[in-house]
Amino acid sequence: MKKLGAVIAVLVLAALATFGLASCGGGDDTTGGSGGGKQGGTLNGTYASFPDYMDPAISYTAEGWTAMADVYIPLLTYKHANGEEGSEVIPGLAEELPKISNGGKTYTLKLRPGLKYSDGTPVKASDFPFAVERMIQLNSGGSPFYLTIEGAEKFAETKQGPIPGIKANDKTGEIVINLEGPRGTFTNELGLMFVAPLPQDTPIEDLSANPPPGTGPYMITNSKPGKSWDYERNPYWAKANGKAMPDLPEGVVDSAKMTVIRNPQSQVDDIEQGTYDWMQNPPPSSRYAEVKEKFEGTQFRVEPTISTYYFWMNTQEPPFDDVKVRQAVNYAVDSKALERIYAGQIAGTQQILPPGMPGYEQFELYPHDMDKAEELMKEANPSDTDITVWTDTESPNNEAGEYFNEVLKELGFNTKLKILNADNYFTVIGNATTPELDAGWSDWFQDYPHPNDFFQPLLAGESILPTNNGNFAKFDNPAINKKITKLGEEQLGPDQEAAYKELDEEVMKEAPWAPYGTRTLSTFVSDAIDLESVIFNPTFGHYLSSFEFK
Amino acid sequence: MPTEPSAERGPWSLALRRFLRNRLALAFLGLFVLIVVFVMAAPLWANHVADTGPNEEHTVEQITVNGEKKDVVTVEGKPIGPQWFGAGGKFFLGADSRLGRDEMVRLMYGGRTSLQIGITAALIATILAVVLALLAGYFRGWVDGLIARTLDVIWSLPVFLIGLSLGIALAVGGLKLGPLEISSGSNWNPIFVISIFTVPYIARPIRGQVLALSEKEFVEAAVAQGAGPLRVMFSEILPNLASTIIVFFTLMIANSMLFEAGLSFLGAGVQPPNSSWGTMITVGVELLNIQPLLAILPGLMIMLTVLSLNIVGDALRDALDPRGKARMDAALEFEAHGGVTAGAQQGAVV
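Residue numbers (the working numbering), protein chains in the order written: chain V, 1 to 550; chain P, 1001 to 1350.
The hints are simulated quantities; they were obtained by calculation from the structure and are not laboratory data.
Some hints here could point you the wrong way.
What the hints assert, rightly or not - Listed next, the in silico BS3-like pairs over lysine-lysine satisfying Cα-Cα at most 25 Å (straight line):
1. P/K1176 x V/K336
2. P/K1176 x V/K416
3. P/K1078 x V/K292
Please build the complete structure, drawing on both the sequences and the hints.
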């Protein structure tokens, strides 16, 4: 009888423990606490669109970078922290920050020993030049950052390697990178996942459906482009990489499942009901005020960003090859209207550099003035007024595109509006073979806290690429190109910041864009998640490794 | 002197009498006429009352409502609600979205687009279906086999999913098919998609009727008198299909409008900034929690239009051919039996 009682007591305790664990939010494998929250569990997250690519070499959107930030670690990386602190470059796979010599032209790094990819393959120093070559071969939008490496430009043309400017020694782990000239932003650029080392048998093709193995605490499994993808712990993180990179967090949840839910209303409802734990994109404008009021401080947090939202105009084709036409558009676009369209999630600005970026100083060259705009149009008298305006389906970008379309109509253009699925919008408008790329919507969030990041990839002639183009305006002004290159070579200081301020104005006088604002984003999680623990990095957004169940 | 009506009146006159006796159908016909008048009056309302076009944006503007200034769209992005006549008819039903367009004007213009697409797509589908059914039913053999199997293939496809994919492709890239060129964003794209995919719904039952009619004595007599296939098909058989075609055409308008609404709701139909009731529901759904009328009103308009067309279509069928249901069932049975043996029996029923 005593024995039976003991058995019953054990069974009751086991049942209670099981129910207790099962009721822990989305967690299905909680194995005891660590820090403030519970270790383990499965995070159910949602994105409004699938990332442009699920391949570190070619992804160039906030969605893609957030999705892969804890999967692919470059030689250098960014501190896992909110706000300004998160802009600090720290060693990643490299033992320490690079030694810069030879007048800023040589970068020497050393790979940490004992690192392994998630499939068990050892990480070698020569994986770095392979990753750079693969990225260039795939015509990645990030390739302009690395074309200053000796021989990289030639490699980009011929696609024949190796790139002579990168020497890697697998025995010692030493990597020496020689640049054609000094480049003040190169340390930041080594921290981007475009050049995160990959095993050398990785195919030279878009691997979104079957992402390559990485070195981070998580690995992507079961990627279904357009629909969903999963994360599991990288088995070699605990065994090798985690010990080698103690500054990087190992992550709290054991796994995660990300689902594309294209209706942001449903996303909000799902978070409120606890069906999902987190949404990557902000709540839709129509629900923003309500969510903010109800959940700020408990499940919701406003995240300032360093970003510029803008309309681009193709400066190489009529009618936008005429600066007067572009200036007219700038006078006609009213950032106050766009503030309302974005339901207060945008602060109006009319320049390339956003607030918070070194070199930013507010100016307003084109205060909203329809009369002035019409006057400039009359002076320009463009012969070709048939244009196509592009935007994506994600709200309120679609409405911003409709607004822009109407503004152009008011100026006398015959417009055709094309609204593309957000999954492939940038892929389509970044492809030179797409016809009628006249004007459209875009945005830009900083890759790293350096003003060059808003000029070189977006407004330098060398950044006009056949695919994955980021210079949608196809802006190629020799004098401005020269300044961008020169400033890019220098380390950032007060003189350079002043020069970037001048450059900002100079570019806006040429008006390749009609910028209209800088965006705030948000963190919105279910009641089961500890909001305090979630990190929103200015470059990579939300880190998966920072989520934990209460 | 009293006369015997049936002795003097023709079949069309009798059908009209039967239709006029159907009060429910008359009421819904009246409703449909009202809807048509409502949408046709769009330019009048836009120019003389609302003083704005359907795509004109008023995001940062203010209007005076009963002497009080109000934002068309608030700083938080909330569009103004219905103002009825408080602003002299401006924003009668409020603003449609954060772009601050007049909902009433867009509802009227959107209705024009929905009806235009519905009627045009139904007309094209009906013409194509009748021609194919005549060819298949009259010539039989391999012609019938080819046409019937092609229709079967289209019928067996998940119509809406394929229509959606095709609609999205056409909305982005347009269509270039030999001399036929439709630019992306044109309303001809949804018309093309809808008409292609609805052809089998009309062609199959009509083919059954053609098979049955082509064995009738009057057809044999025409052939014996030396009439060629074209004359037999279009002068002898086609007039006997008139009542069925009218009924199908009416019902297909309703069907096409629903198809268009679905395509537009999913972004594959009418392209912004143009409105249709389908696109208006898409915009309205996003603001459902703050301005529910924006989704409800276009949905209600679609429902009333489709309901009225369906009831009128049913009444027309009853009026034009009181034995229509029996005949239609028999025609389908005839087709199911391969169109020969049962067809001979069917001749007696028709």
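Going through the hints against the structure:
1. P/K1176 x V/K336: Distance ~41 Å between P/K1176 and V/K336 Cα, so the pair is violated.
2. P/K1176 x V/K416: 17 Å, holds
3. P/K1078 x V/K292: Between P/K1078 and V/K292 the Cα gap is close to 15 Å, so the pair holds against 25 Å.
Comparing the model with each numbered hint stated earlier shows that hint 1 is the single one that does not hold.
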